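Student: Same order as they appear, the protein sequences are chains A and B. The first sequence lines up with residues 42 to 197 when you count with the numbering used here. The second sequence lines up with residues 143 to 643 when you count with the numbering used here.
In short, the hints are calculated from the structure, not lab data. Since the model is a prediction, treat every value here as computed from it, not as a measurement. Just so you know, even glycine gets a beta-carbon here, dropped at the ideal spot from N, CA and C. Please note that the accuracy of each hint is not assured.
[As the list claims (entries may be wrong)] Each pair of labels, with its calculated beta carbon distance range:
hint	chain 1	residue 1	chain 2	residue 2	range
1	A	Y67	B	V525	51 to 59 Å
2	B	E386	A	I113	46 to 54 Å
3	B	T614	A	Y67	32 to 40 Å
4	A	W189	B	E368	47 to 55 Å
5	B	V528	A	G180	25 to 33 Å
6	A	G61	B	P529	38 to 46 Å
7	A	A173	B	T332	24 to 32 Å
[What the hints assert, rightly or not] Footprint (simulated), chain B over chain A, 3 or more residues, beta carbon under 8 Å:
hint	segment
8	97 to 107
9	114 to 121
[As the list claims (entries may be wrong)] One side only, chain B facing chain A, incomplete, derived with CB under 10 Å:
hint	residue
10	L567
11	F568
12	G585
13	I597
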Amino acid sequence: MTINSKDAAAGVLFILLGLGFGLNAYFTLDLGTNIRMGPGYFPLLLSGALLILGVAIFFHALQVPDESWGAIPWRGLFFILLGPIVFGATLQGLGLVPALAIIAFITAFASQRMSLLLAIALTIGLVAFCVAVFSWGLGSPIRLFGPWMQALGLGN
Amino acid sequence: MDLITNLGIGLSTALQPANIFYCFLGTLLGTLIGVLPGLGPTATIAMLLPITYSLEPVSSLIMLAGIYYGAQYGGSTTAVLINLPGESSSAVTTIDGYQMARQGRAGPALATAAIGSFFAGTVATFIIAAAAPPLTAVALKFGSPEYFSLMVLALITSVALAYGSILKALAMIVIGLLLGLVGTDIYTGTPRMTFGFLELADGINFVSVAVGIFGIAEILRNLENEKDREISIKTVTNLMPTREDLKAMAAPILRGTLLGSALGILPGGGAVLASFAAYTMEKKLSKTPERFGHGAIEGVAGPESANNAAAQTSFIPMLTLGIPANPVMALMIGAFIIQGIVPGPNVATERPELFWGIIASMWLGNLMLVVLNLPLVGLWVRVLRVPYYILFPAIMAFSAIGVYSINSNIFDLYAVAVFGAVGYLFFKLGCEPAPLLLGFILGPMLEEHLRRAMIISRGDPMIFLNRPISLTLLLVSLAALVIVFLPSVAKKREQVFVEDE
Chain A
42 MTINSKDAAA
52 GVLFILLGLG
62 FGLNAYFTLD
72 LGTNIRMGPG
82 YFPLLLSGAL
92 LILGVAIFFH
102 ALQVPDESWG
112 AIPWRGLFFI
122 LLGPIVFGAT
132 LQGLGLVPAL
142 AIIAFITAFA
152 SQRMSLLLAI
162 ALTIGLVAFC
172 VAVFSWGLGS
182 PIRLFGPWMQ
192 ALGLGN
Chain B
143 MDLITNLGIG
153 LSTALQPANI
163 FYCFLGTLLG
173 TLIGVLPGLG
183 PTATIAMLLP
193 ITYSLEPVSS
203 LIMLAGIYYG
213 AQYGGSTTAV
223 LINLPGESSS
233 AVTTIDGYQM
243 ARQGRAGPAL
253 ATAAIGSFFA
263 GTVATFIIAA
273 AAPPLTAVAL
283 KFGSPEYFSL
293 MVLALITSVA
303 LAYGSILKAL
313 AMIVIGLLLG
323 LVGTDIYTGT
333 PRMTFGFLEL
343 ADGINFVSVA
353 VGIFGIAEIL
363 RNLENEKDRE
373 ISIKTVTNLM
383 PTREDLKAMA
393 APILRGTLLG
403 SALGILPGGG
413 AVLASFAAYT
423 MEKKLSKTPE
433 RFGHGAIEGV
443 AGPESANNAA
453 AQTSFIPMLT
463 LGIPANPVMA
473 LMIGAFIIQG
483 IVPGPNVATE
493 RPELFWGIIA
503 SMWLGNLMLV
513 VLNLPLVGLW
523 VRVLRVPYYI
533 LFPAIMAFSA
543 IGVYSINSNI
553 FDLYAVAVFG
563 AVGYLFFKLG
573 CEPAPLLLGF
583 ILGPMLEEHL
593 RRAMIISRGD
603 PMIFLNRPIS
613 LTLLLVSLAA
623 LVIVFLPSVA
633 KKREQVFVED
643 E
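Excised from the complex, chain A in its bound form (with noise of 0.2 Å):
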C-alpha cells in the first residue's frame, strides 16, 4: 500500500485543528440562534468544515506515492526562531540597543557558514543601523538601554 506521508500528516494535522477549534467552540462559546448567531456558530461551522477537508486530504494521500520530505535546517530553524523570543525577553528590560546586537547575533549563526569575526561586524553595523533609521529617524518611542543595563551603572 502506497501512502504520501506528507499529505497524510497535512491531512491529519487539519482534523486535529478542526477537533481542536471546533470542540473548544461548541464547548466555551454560545452557538446562537440562525437569526442572532452567537460567537461559537461560525467558528464550529468552520471547524466542521476543516474537519471534513481533513479527512479528504488523508484519504487521498493514500491513493499517492510517497514523495521526499527534503532536509531539514535543525541549526536555521534553532537560531532563527530563538531570535525573536530573547529579543522580546530582553527588550523591555535591556533596551533597544542590546536587545538588538542580541537577536542580531544570535540569528547570524543560522547559517553554517557565518564565521565569528563576521557575526560581530554585522551585529555592530546593524545596530548602529537600526538606531539610526528608527530611534533618530522615525522617532521610535523604545529606550535604548533598559532598566536592567541602569542597574548595572550602564546607560543612562
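Starting from the known structure of chain A, arrange chain B on it as the hints suggest.
Tutor: For chain B alone, kept in the frame of chain A given last:
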C-alpha cells in the same frame, strides 16, 4: 473629463516632494528584493508594514505599492543574468531570458523586460483609473449578502487559480478564517478561542502572522540548502535592442499587457499566473515555436509585460471593494487598517487624494523603475554577489523592531516565532501559505456580513440565493470549484505552472 480631473488630483498628491521620495524608496526597495532571489515582496511588505505606521497614509501606501510592482522589474534582472527567478513571477523569464544572455544578448533582454514592464505599467495605471469609479459605484450598492458572496467568490477563485493542491489550499483558507476570528467577539464581547491568553483579546496580530509565515518560513526554506549563486555574466554591455528586436517585441508586449491586466483583477490571479499564461500564449501564437527556450525575445517580452500589468491591476479589487486578490493585497489592506482607514468603496469618495494619489504614483514609479533598472543594471549585478546569509540577521532585526512597534506588545514577538515555525511546517507539508493570509484578513468581515445577512433575513439562509447579485456570485464560485476538480482541468492546471521546466 472625470478621468483627467481625477488623475490630476492624484498627480498633485503623488508629486509632493515627500511622496516622490517614498515612491522612489519603495521602487528602490522593490527592485532590490526583486533582484535577490528568495526574498519576496510579501515578506518585505510584511516586514516594512509596521515602519510605515509613522508615515502619512498616502506616503506609506505609495511606498508599499512601489515595493510590489518594483519587485516585478527587479525579478527579471536576476532571471536573465543568473537563470534564477528573483521573483516567482519571473520564473518563465529565465527560460528565454537566460538563453539570450548566454548568446551575449543580456542587454537587449533586460531592455525588453523594462520596456515591456513600463508599457504594461502605464496601460494598467489607466485601466485602474478607468475601472475604479464604476466598480466603486457598484460596490456602494452592495449589502451584506452580496459582500458575503463576493468574499466567498474571492476565496474560492484564489484557490482555483493558484498553484498546488486544491483541497489543501481550501483547508488553509479555513484555518486562516479561524485564526482571524480569534479574539473578542464584536457582538457579545466574549473572548473567543483565546485559549486563556489575555494578550489575544484583540486578536492575533496580523503582522506577526505575515512576518512569520512569509518572512521567517522563507528564510528557513533558504537555509535548507545553502549554495553559491553562480554569476556568469559579469558586465552588461549594449543595452539597446535592435530594430528587429523592437519589431519582434511589440505585439507580445501588447498581448501580455492585456492578458496580464485581465488576470490581475481576478482573485488569486496576480503576477505569477499572468506571466506563465503569457508565455504559453506567445508560444502557441508563434510561427516558430521551436525558438522558444533558445532565446526567443517574445518569451521575455510577453511574460514580463504580463506580470507587471497584473501586479498593478490586482490593486483594483482591493481599492474599490476592499477585497484582497492576493497576499500582497491582503497586506495592503492591513496597511490601510493600521492607518485607521477602512478599505472599500468609501475610500474613493472620502479620501480622493489618497485613492488617486496611489494610482498616479504607480505611473511615476514605473518611470523611476526604468531609470533604476536600465542604466544602473551594473549595480544590481553587484548586489547579486552579496552572500545571502548576511541578510538573515538584518531581516530578523528589522522584523523584530517592526512587529514590536505596532502595539508595544512583547507577545507579538513570540507570535512571530510561533508562526514562523507553523509556516515552515505548512511548507513542509506542501501547503501554500497565501490562502491562509487571505482567510485571516477576510475572516472577521466574512462572519460579520454573514451575521448581518441572517439578521436581515430573520434566519433564512435563502437570502443568499434570493438576491440576484449574490446568487450570481455564488454560482460563479460553485462553477469555479467544479471546474478545477474536473480531471482534465486538474491536469491542465498543473501543466500551466511547470511549462518547460
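Student: Hint by hint, note whether the structure agrees.
Tutor: Here is how each hint holds up against the structure:
no. : hint                         : result
1   : Y67/A to V525/B: 51 to 59 Å  : holds (54 Å)
2   : E386/B to I113/A: 46 to 54 Å : holds (50 Å)
3   : T614/B to Y67/A: 32 to 40 Å  : holds (34 Å)
4   : W189/A to E368/B: 47 to 55 Å : violated (36 Å)
5   : V528/B to G180/A: 25 to 33 Å : holds (30 Å)
6   : G61/A to P529/B: 38 to 46 Å  : holds (42 Å)
7   : A173/A to T332/B: 24 to 32 Å : violated (45 Å)
8   : 97 to 107                    : holds (count 3)
9   : 114 to 121                   : holds (count 5)
10  : L567                         : holds (8 Å)
11  : F568                         : holds (8 Å)
12  : G585                         : holds (8 Å)
13  : I597                         : holds (6 Å)
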